[in-house]
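Enquirer: One letter stands for each residue in the lines below.
2 protein chains.
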Amino acid sequence: MSSQNPLILITNDDGITAPGIRALVNAMKVLGDVVVVAPDKPQSGMGHAITINSTLRLHEVKQDGLTEYACSGTPVDCVKIAIDKILPRKPDLLVSGINHGANSSINVIYSGTMSAAVEGAIEAIPSIGFSLCNYSIEADFAAAAHFAAIVAKNVLDHGLPAGVCLNVNIPDVPLDIIKGVKVCRQAKALWHEEFDERKDPYGRKYYWLTGKFINLDEGTDTDQWALENNFVSVVPTQFDLTAHNAIKDMKKWEM
Amino acid sequence: MSSQNPLILITNDDGITAPGIRALVNAMKVLGDVVVVAPDKPQSGMGHAITINSTLRLHEVKQDGLTEYACSGTPVDCVKIAIDKILPRKPDLLVSGINHGANSSINVIYSGTMSAAVEGAIEAIPSIGFSLCNYSIEADFAAAAHFAAIVAKNVLDHGLPAGVCLNVNIPDVPLDIIKGVKVCRQAKALWHEEFDERKDPYGRKYYWLTGKFINLDEGTDTDQWALENNFVSVVPTQFDLTAHNAIKDMKKWEM
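Protein sequence lines correspond, in order, to chains A and B.
According to our numbering, the first sequence is numbered sequentially starting from 1.
According to our numbering, the second sequence is numbered sequentially starting from 1.
It is possible that some hints are incorrect.
For chains that are exact copies, the list does not tell them apart, and a pair is met inside one copy or across any two.
List of simulated lysine-lysine pairs, DSS-like, C-alpha gap at most 30 Å [stated by the list, open to error]:
id : residue 1 : residue 2
1  : 85        : 251
2  : 90        : 252
3  : 199       : 85
4  : 179       : 212
5  : 62        : 212
6  : 85        : 252
Honestly, the hints are just simulated from the structure, not real lab data.
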């Protein structure tokens, strides 16, 4: 590796063989020296989980002309082990994705893709999570890869504020339909649970988690609004969860 | 159940048999009708993970004079399945814990205990995560249970702002040494990874995630400061991860 090129760590939550991460690897190769450390199997919905009750494995994989690393853990494990055991120095950029499926609004909190980016921010690495609003394995990542390169270039040029990473979602439409990029806030939304109750062949109940996405936000400055109107959404995202505005009132409680 | 009593959902991440949740159940019984839905095994470090690639089981367990529910999933799964499949109505309060070990500062983001409380806040349930700064199975939960009752009573009386739950940590000292309760902010801190590399009996490498906690924050208004000075720390915690202050500057980028 040439030492003056930016060093770019790439991970995801759909696993190292997913089409989304392959598209991201190709988009990032133009910008710097890439190192891929990604889960060896799908890890969607893992949030900020880390592996503390069992062990981790790392396997080298040769693909796309690179030596990559498949890790048996979660996306956040991948970031941690990359920093401690694989990378020659702190990377200049961490990119995660391109996720198969949206991580806008409340989905940021369940997303392994975004949790990897948040972990990067905790480690003071400029970090971005990319997601395409299409869950399918056959999704077309061309537009998403195009915007991933643009946003990544901007982050390499401008840096990011301390404690902040980016949550970038790309609408599932062709490049010429996308109207541009909007910096926005996370929409207020939630999932309404609808567990699918079934019986196994032995008559015992089991459940599949399913749900309905409910957008509670009518603002036009949100990521949901941007995506519904064919803009790429970029939400600056932080790991300081303190509700600073609530502190003053709560100090009046008698505890 | 008497319908005028507050309905209190109790969960945790150490599992339904952990001493910490048993202490919390006993503390909450005085305040209302409790329903326990908790993981059937330890789920520490699961963050906001949900189970989407496999199925969930629920088992009834009789203990402490209650019918409780052991769930095969994560703490967040427990909250979701409780709401959809177990509770007769939306609960008046969700409490999670008492965790065996601190969830102050950056630990909030890895914690299954706190993620359950955050999930409650997403569902508009007043929610609190409690953690004792002692990882041991033999920890003394007396002081923690005492303050859990006080904080829970305050939340039942005052409610919480929309989108906010509480992260409550209790120092590991006897009740008479605790100086009081401080409402504070999440300290800036991180874990410095130190993976423990070993070889299995077949000569293949594997890794244990370990690390060193690094407090980067010298503020006296943080949860770390409070705990180090024998105060109970209460951090109002939100799931809007938007770094609102960063939006204005980023709008100047050319994307």
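Enquirer: Would you mind marking each hint as holding or not holding in the structure?
Expert: Cross-check of the supplied hints:
1. Taking the shortest alpha-carbon separations for residue 85 and residue 251, neither the intra-copy value of 44 Å nor the inter-copy value of 37 Å comes in at or below 30 Å.
2. In this homomeric assembly, residue 90 and residue 252 come within 30 Å of each other (Cα to Cα) only across copies, at 27 Å, whereas the closest approach inside a single copy is 44 Å.
3. With identical chains, the CA atoms of residue 199 and residue 85 are at most 30 Å apart between copies only, with a shortest distance of 15 Å across copies and 45 Å within one.
4. Only within a single protomer do residue 179 and residue 212 lie at most 30 Å apart by alpha-carbon distance; the minimum there is 28 Å, versus 46 Å between protomers.
5. Taking the shortest Cα distances, residue 62 and residue 212 never come within 30 Å of each other, neither inside one copy (40 Å) nor across copies (33 Å).
6. For a Cα distance limit of 30 Å, the shortest separation of residue 85 from residue 252 qualifies neither inside one copy, at 48 Å, nor across copies, at 37 Å.
Hint violations for this structure: numbers 1, 5, 6, all remaining hints satisfied.
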